[in-house]
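K.L.:
Residues per chain, in single letters:
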Amino acid sequence: MTEKTTVWEVFIQSKNGLAHKHVGNVHATDKIMALENARELYTRRNEGSCIWVVKSSEIVSSESEDSEAFFDPSNDKMYRHPTFYTMPDGAKHI
Amino acid sequence: MDEKKFQEKIDKEQKIEPKDWMPEGYRNHLIRQMSQHAHSEVIGMQPERNWITRAPSLRAKMILLAKVQDEAGHGLYLYSACETLGISRQELVQQLHDEKAKYSSIFNYPTLTWADMGAIGWLVDGAAIVNQVSLQRTSYGPYSRAMIKICKEESFHQRQGYEIMAEMAKGTPEQKEMAQDALNRFWWPSIMMFGPQDSESPRSGNAMKWKIKRQTNDELRQNFIDKTVGQAEVIGLKIPDPDLKWNEERGHYDFGKMDWEEFWSVVNGNGPCNKQRLDHHRKAHEDGAWVRKAAQEFAKKQLTN
Numbered sequence: 001m002t003e004k005t006t007v008w009e010v011f012i013q014s015k016n017g018l019a020h021k022h023v024g025n026v027h028a029t030d031k032i033m034a035l036e037n038a039r040e041l042y043t044r045r046n047e048g049s050c051i052w053v054v055k056s057s058e059i060v061s062s063e064s065e066d067s068e069a070f071f072d073p074s075n076d077k078m079y080r081h082p083t084f085y086t087m088p089d090g091a092k093h094i
Numbered sequence: 095m096d097e098k099k100f101q102e103k104i105d106k107e108q109k110i111e112p113k114d115w116m117p118e119g120y121r122n123h124l125i126r127q128m129s130q131h132a133h134s135e136v137i138g139m140q141p142e143r144n145w146i147t148r149a150p151s152l153r154a155k156m157i158l159l160a161k162v163q164d165e166a167g168h169g170l171y172l173y174s175a176c177e178t179l180g181i182s183r184q185e186l187v188q189q190l191h192d193e194k195a196k197y198s199s200i201f202n203y204p205t206l207t208w209a210d211m212g213a214i215g216w217l218v219d220g221a222a223i224v225n226q227v228s229l230q231r232t233s234y235g236p237y238s239r240a241m242i243k244i245c246k247e248e249s250f251h252q253r254q255g256y257e258i259m260a261e262m263a264k265g266t267p268e269q270k271e272m273a274q275d276a277l278n279r280f281w282w283p284s285i286m287m288f289g290p291q292d293s294e295s296p297r298s299g300n301a302m303k304w305k306i307k308r309q310t311n312d313e314l315r316q317n318f319i320d321k322t323v324g325q326a327e328v329i330g331l332k333i334p335d336p337d338l339k340w341n342e343e344r345g346h347y348d349f350g351k352m353d354w355e356e357f358w359s360v361v362n363g364n365g366p367c368n369k370q371r372l373d374h375h376r377k378a379h380e381d382g383a384w385v386r387k388a389a390q391e392f393a394k395k396q397l398t399n
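Here the protein sequences line up with chains A and B, keeping their order.
Per this note's numbering, the first sequence starts with residue 1, numbered consecutively.
Per this note's numbering, the second sequence starts with residue 95, numbered consecutively.
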């Protein structure tokens, strides 16, 4: 069996000014090959103006099973949302 | 407990993601189905590659090249999605070579004339689209996302095939005959692409319960036939089924008996091109070994420099 190749996650910026968005991954042995493979695989129809590739092994993810506890600190702070506040009748542009 | 939670999630139409708990049966079913799907995209390049150098015009050649390149891309999306289940791409390819994994049986038929490029795009890609549109709603997140991407790209494939058939059907009598002949050969294998009838399909129980599949083989097949009959009429070709007729009561077309004996015989390796397709894949893989080795060596050198 052949040696395993490195897996790279691919992020594409669809248009100048927008954020890069995750689209999938590619296999490649080095970073130039990763970029070129990502271009061939994910931008055959003008999908992008910029590509990032990141080794999958370098990505740190939260665990979905722990997501409740992990995101708990934000649940009880409703005052961070504008809808929390009562505005006087007739107030405009706020 | 885990299993109950898992099923509740499925019932609520929530997607299952790679790191979520899943029953082994669910994982194995997905690996089998997704790898078969990926292998089909890759092996499916071979019958079409056969006509790239003989395409009748530069336009047709460029289109066919782009289509074959898309099929390679679709295979890669699906391998990537399948790898999230904890199996490596090397293992997946090995299973194909060891004949432990299958690919769609339709690609074991030869492409004898240019009209076959039309029939494959129109019927084979058409049937694949019906299946894939349904699979966009599959419960496994990475599979669902791959299907959405593939469906977006696939509709040009069917249209280019139908255009070829339409052009030939209004050409010389010989061209029309060629188109009809391609339809005659590909019709039955195409409608059998949806797999055995529901009454004979042992695995669909769990696949439906787990929402891996969203519609049964028979539902998908009927959907495809209902769509396609009118398209054949528009271009003046005749679907080779004397029992095909509109059933007012059902609101669907009735159709004739499929030859499952032939289907299973081809699945089990006795089709006209099974050996050729696999041999070619093995050879291409072996011929590429030095490229993979060189790439690995290059990467190592980069690290030490």
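One should not assume that every hint holds.
[Claimed, not checked] Straight-line C-alpha distance at most 30 Å; calculated DSSO-like pairs for lysine-lysine:
no., chain 1, residue 1, chain 2, residue 2
1, B, Lys394, A, Lys31
2, B, Lys243, B, Lys113
3, B, Lys387, A, Lys4
4, B, Lys99, A, Lys77
5, B, Lys99, B, Lys109
6, B, Lys99, A, Lys92
7, B, Lys369, A, Lys55
8, A, Lys31, B, Lys113
9, A, Lys4, B, Lys99
10, B, Lys387, A, Lys31
11, B, Lys369, A, Lys4
Derived from the structure by calculation, the hints contain no laboratory data.
K.L.:
Run every hint past the structure and note whether it holds.
P.N.:
Quick rundown of the hints versus the structure:
{"no.": "1", "hint": "Lys394(B) / Lys31(A)", "result": "12 Å, holds"}
{"no.": "2", "hint": "Lys243(B) / Lys113(B)", "result": "22 Å, holds"}
{"no.": "3", "hint": "Lys387(B) / Lys4(A)", "result": "11 Å, holds"}
{"no.": "4", "hint": "Lys99(B) / Lys77(A)", "result": "29 Å, holds"}
{"no.": "5", "hint": "Lys99(B) / Lys109(B)", "result": "13 Å, holds"}
{"no.": "6", "hint": "Lys99(B) / Lys92(A)", "result": "47 Å, violated"}
{"no.": "7", "hint": "Lys369(B) / Lys55(A)", "result": "38 Å, violated"}
{"no.": "8", "hint": "Lys31(A) / Lys113(B)", "result": "26 Å, holds"}
{"no.": "9", "hint": "Lys4(A) / Lys99(B)", "result": "35 Å, violated"}
{"no.": "10", "hint": "Lys387(B) / Lys31(A)", "result": "16 Å, holds"}
{"no.": "11", "hint": "Lys369(B) / Lys4(A)", "result": "28 Å, holds"}
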